[in-house]
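K.L.:
Sequence:
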Amino acid sequence: MNKRGFASDNFSGILPEVMEAIQNANNGHVIAYGGDAYTASAIEKFKSLFGENIDVYFAFNGTGANVISLSTLTQSYHSIICPATAHIQVDECGAPDKFTGCKVIPIDCPDGKITPELIQPHLHGFGFEHHSQPKMISITQCTELGTVYTPEEVKAICDLAHANNMYVHMDGARLANALVSLDVDVAEFTTKAGIDVLSFGGTKNGMMLGEAVIFFNPELSTEAKYVRKQSMQLCSKMRYIGAQFDAMLTNDLWLKTARHANKMAKLLESEVLKIDKVKITQKVQTNGIWALIPKDKIEKLQEEYFFWVWDEHAGEVRWLCSFDTTEEDINGFVALLKKELSKN
1 MNKRGFASDN FSGILPEVME AIQNANNGHV IAYGGDAYTA SAIEKFKSLF GENIDVYFAF
61 NGTGANVISL STLTQSYHSI ICPATAHIQV DECGAPDKFT GCKVIPIDCP DGKITPELIQ
121 PHLHGFGFEH HSQPKMISIT QCTELGTVYT PEEVKAICDL AHANNMYVHM DGARLANALV
181 SLDVDVAEFT TKAGIDVLSF GGTKNGMMLG EAVIFFNPEL STEAKYVRKQ SMQLCSKMRY
241 IGAQFDAMLT NDLWLKTARH ANKMAKLLES EVLKIDKVKI TQKVQTNGIW ALIPKDKIEK
301 LQEEYFFWVW DEHAGEVRWL CSFDTTEEDI NGFVALLKKE LSKN
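So the sequence shown is numbered by the UniProt record's numbering: it starts at 1 and just counts up by one.
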């Protein structure tokens, strides 16, 4: 029997609307590798979000989307600056390093958000042949700590990058959660802020598989199709990815799912704040909660509602909500927390 939990929004199933879209696409023969009507329709929906002057490439997964984004705009003698908690630094098994050949420079950020002030000391050695050339800044929206960059914060980073002939990549694996938290037009912290390339998440928001790489200046993406193929991210039966995005971007389904996940996280926050032995460590702005709990209670809690340990030395854990998290899940977990933490 599958148990409910708060480990990751990857643990959930897929949306009924997405399953229906896959089934509807499973009919007859269509042109492979993206030459189908489902992919074309999804791309048109992306253009309605971000504008006509974009270039869209579908990939299987988030690591693949990030590799395509970074590899297309860098050479192996470049460096990529990112927060120390960034997915490309911590959770992708060195794939960005391997495929780009770049030196990845992680910067400590207490709240997961990099700033121009933190970036500036690393912007040196331009034109010096003995030094990796700074070329890319990668940020995540929302961050790996659930925090959110404002449009102004994103623009400040992009302005700094462009002033130094650099590019900015946004890892948007949970872009929808950030968007509903900010309650602005998505263009405000992407196209208008100056982002060059975006990894647009689908899997964590209710899709079976699939991410999108969006270049906001097609002049930058002339090599992207070759990078995608060489990165083993070109899906032959692409209609099944296109159909999923087409469903997600219809009637704002992608925002409805994220809005629910965020709402459940706020509900969980309100309940655990009442428990003395729980200390929330980050602002709860999206669908995740980071908290300190007694280390000797973690394993017992995981038996009933599985979740990941974020920092095993400190006893910091991460609880994530998804599109299918229910109030019953929250109430059951909170009751277990109270029960276990009340014991000596």
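By construction, these hints were calculated from the structure, which means they are not laboratory data.
Just so it is clear, the structure is predicted and the values come from calculations on it, not from any experiment.
Where hints are given, some of them may not hold.
[Stated by the list, open to error] If you anchor each label on the Cβ, the simulated ranges turn out as follows:
1) Asp276 to Ala37: 54 to 60 Å
2) Gly13 to Gly94: 42 to 48 Å
3) Ile275 to Leu118: 29 to 35 Å
4) Asp159 to Glu327: 40 to 46 Å
5) Glu20 to Lys98: 35 to 41 Å
We treat Cβ as the ideally placed atom computed from N, Cα and C, and that holds for glycine.
K.L.:
Are the hints correct? Go through all of them and say.
P.N.:
Tested hints:
no.: 1; hint: Asp276 to Ala37: 54 to 60 Å; result: holds, 57 Å
no.: 2; hint: Gly13 to Gly94: 42 to 48 Å; result: violated, 30 Å
no.: 3; hint: Ile275 to Leu118: 29 to 35 Å; result: holds, 34 Å
no.: 4; hint: Asp159 to Glu327: 40 to 46 Å; result: holds, 43 Å
no.: 5; hint: Glu20 to Lys98: 35 to 41 Å; result: holds, 38 Å
Hint 2 alone, counting from the list given before, is not met by this structure.
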